[in-house]
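Single-letter residue listing:
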Amino acid sequence: MNTTDERIRFDVIVVGAGLAGSAAAMVAARAGLDVALIERGQKPGGKNYFGGAIYTHAIAELLPDFMSRRPPFERPVTEAGFWFLGADGLTRVTVQGGKLADGTPDAYTTLRAPFDLWWAEQAQKEGAFLIPKTTVVDFIREPDGQVVGVKTDRPQGELYAPVVIICEGVNNLLTQKLGLSEHDLEPAHLALGIKQVIALPPETINARFGLPDGDHGLAASVLGNVSLGLPGMGFVYTNSKTLSVGLGVMLATLAEYKLKPYEVLERYLKHPAIAPLVAGGQLLEYGGHLIPEGGYHDMPKLYTGGALVAGDAAAMVNALHWEGTNMAIIAGKLAGETALEAHGRSDFSQRVMAGYAERLKQSFILQDLKQYRRFSQFLDTHPEFMDIYPTFLNDALGDFFTAYGRPKKELFKGILGSLTRRRSLLGAAGDLISMGRAVLGW
Amino acid sequence: MKRNDGFEAKELPAALRETLPDVYVDDLLVSIKYFIDEEHPHLWIEDHAICARCQYKPCLDFCPVNVYTLAHDGKIQVAYQACVECGSCRVGCPYGNISWQLPRGGYGVAYKFG
Numbered sequence: 001m002n003t004t005d006e007r008i009r010f011d012v013i014v015v016g017a018g019l020a021g022s023a024a025a026m027v028a029a030r031a032g033l034d035v036a037l038i039e040r041g042q043k044p045g046g047k048n049y050f051g052g053a054i055y056t057h058a059i060a061e062l063l064p065d066f067m068s069r070r071p072p073f074e075r076p077v078t079e080a081g082f083w084f085l086g087a088d089g090l091t092r093v094t095v096q097g098g099k100l101a102d103g104t105p106d107a108y109t110t111l112r113a114p115f116d117l118w119w120a121e122q123a124q125k126e127g128a129f130l131i132p133k134t135t136v137v138d139f140i141r142e143p144d145g146q147v148v149g150v151k152t153d154r155p156q157g158e159l160y161a162p163v164v165i166i167c168e169g170v171n172n173l174l175t176q177k178l179g180l181s182e183h184d185l186e187p188a189h190l191a192l193g194i195k196q197v198i199a200l201p202p203e204t205i206n207a208r209f210g211l212p213d214g215d216h217g218l219a220a221s222v223l224g225n226v227s228l229g230l231p232g233m234g235f236v237y238t239n240s241k242t243l244s245v246g247l248g249v250m251l252a253t254l255a256e257y258k259l260k261p262y263e264v265l266e267r268y269l270k271h272p273a274i275a276p277l278v279a280g281g282q283l284l285e286y287g288g289h290l291i292p293e294g295g296y297h298d299m300p301k302l303y304t305g306g307a308l309v310a311g312d313a314a315a316m317v318n319a320l321h322w323e324g325t326n327m328a329i330i331a332g333k334l335a336g337e338t339a340l341e342a343h344g345r346s347d348f349s350q351r352v353m354a355g356y357a358e359r360l361k362q363s364f365i366l367q368d369l370k371q372y373r374r375f376s377q378f379l380d381t382h383p384e385f386m387d388i389y390p391t392f393l394n395d396a397l398g399d400f401f402t403a404y405g406r407p408k409k410e411l412f413k414g415i416l417g418s419l420t421r422r423r424s425l426l427g428a429a430g431d432l433i434s435m436g437r438a439v440l441g442w
Numbered sequence: 001m002k003r004n005d006g007f008e009a010k011e012l013p014a015a016l017r018e019t020l021p022d023v024y025v026d027d028l029l030v031s032i033k034y035f036i037d038e039e040h041p042h043l044w045i046e047d048h049a050i051c052a053r054c055q056y057k058p059c060l061d062f063c064p065v066n067v068y069t070l071a072h073d074g075k076i077q078v079a080y081q082a083c084v085e086c087g088s089c090r091v092g093c094p095y096g097n098i099s100w101q102l103p104r105g106g107y108g109v110a111y112k113f114g
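Residue numbers (our numbering), protein chains in the order written: chain A, 1 to 442; chain B, 1 to 114.
These are calculated hints, taken from the structure and not from any lab test.
Some clues are possibly wrong.
With a cut-off of at most 20 Å between alpha-carbon atoms, the simulated PhoX-like pairs for lysine-lysine come out as follows [said to hold, decoys possible]:
| hint | chain 1 | residue 1 | chain 2 | residue 2 |
| --- | --- | --- | --- | --- |
| 1 | A | Lys43 | B | Lys10 |
| 2 | B | Lys57 | B | Lys10 |
| 3 | A | Lys258 | B | Lys10 |
| 4 | A | Lys133 | A | Lys151 |
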């Protein structure tokens, strides 16, 4: 029997039907390639968990008419910003109106199970062949290392294609198997994000968050008394009939301080400024996911002969701006385009695959990741941004707006003293400069 | 017994630790949908002797769904059925002593909302 005749062949195999994978499949299938989109879950989206919001610029690059395809968005983000939690107070620094109210919303709050399913359906509409409930366990390689297919956990589950696009997510076992990454990401570079999806009537959500109606939504990053003064951040997103409330703490921090993440989350939900927002809500779902926050320095090699890596598997996350979903989508698109080019030239060698890295360099993805390359280390070494400054901000504003019946001069001295007791002015100035450097990439 | 070079046990001030509420994890787990693979666990301890000598046992804490608990005999037991496949234990075990695989296709956590 000639086994080569029985081989199941595609032009492109995409591993993982998440944001990057379905984007890659959409682009390649639209151009007429035979695409297998392999998903280990019962259906796309079942393994994915995030804050969060989806950015429309990325969706529109693949589907200019996306709104007419009825994406399962929750609410447009019409208010965004930072919340600073003190011991029992809350200072909100959010923006609304202006650009956020202008034209197509920049982002929508979203839940991943319905969204990723819809996103994969768009790839299927272009002709991609979805293979769910199938875990890819290894590659099929030529003696020279060229990737020519994948091995799955199905009986006789070997699939062949000259291009394999790896969108396996943060647990990048396959990326490591190819030698594109030499070791696991370190616990100090991984945030464990956990979240509760809490049901509340839409009118209650509107009233509690000051939103006029269901066409308005909030996305907030919560700093301060969230993560016990340790590197971490909370978040609140208003969905249509639910809230997404959670936090991310570095895995190394949880391990070294022996913290139970669900206790940290429960403490945050019980904070005097947060508890009234979630009161009476029903827990619909709890879950967790790792976020690769190491950025540029944690990126694997992005290609090898016959294979490309995109999304979380390639550590494409900008931790400060909570961007990652948009990078995954655009990287998936660029991977799909590289697969097309390779098919056009009938050349699947490293030389052509390298075009993917070039495309990423021309895009915001590698430019931003490079600029923010020091940011996660900055947070690690400057926990005061999680603790001292947000607390100071609450105390200072609280004092400023309180009439004590004392001379203001004394008051301002007191406010400044509440900072300098915790951090010297010189130290604070240094912190600001470090933050500037970490953000601007100097 | 190789240890993660970066691992360093640290103390949280007692007053701060006291602010952490007790959580009954099962109340959270009932909200998660799973397709449990009864025949094939995808997580296990490689060598219980290493755990016995591990003074940190951070897996008992950082796992978001409390998969790892201490049995009466002092052995770590692994309730893989509750796993949400986040991968924390894969990289967080200071001794790399947890064997971590993806569940077979179709099995494991199946988020309804995400």
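Do the hints match the structure? See the list:
no. : hint                : verdict
1   : Lys43/A - Lys10/B   : violated (41 Å)
2   : Lys57/B - Lys10/B   : holds (13 Å)
3   : Lys258/A - Lys10/B  : holds (8 Å)
4   : Lys133/A - Lys151/A : holds (14 Å)
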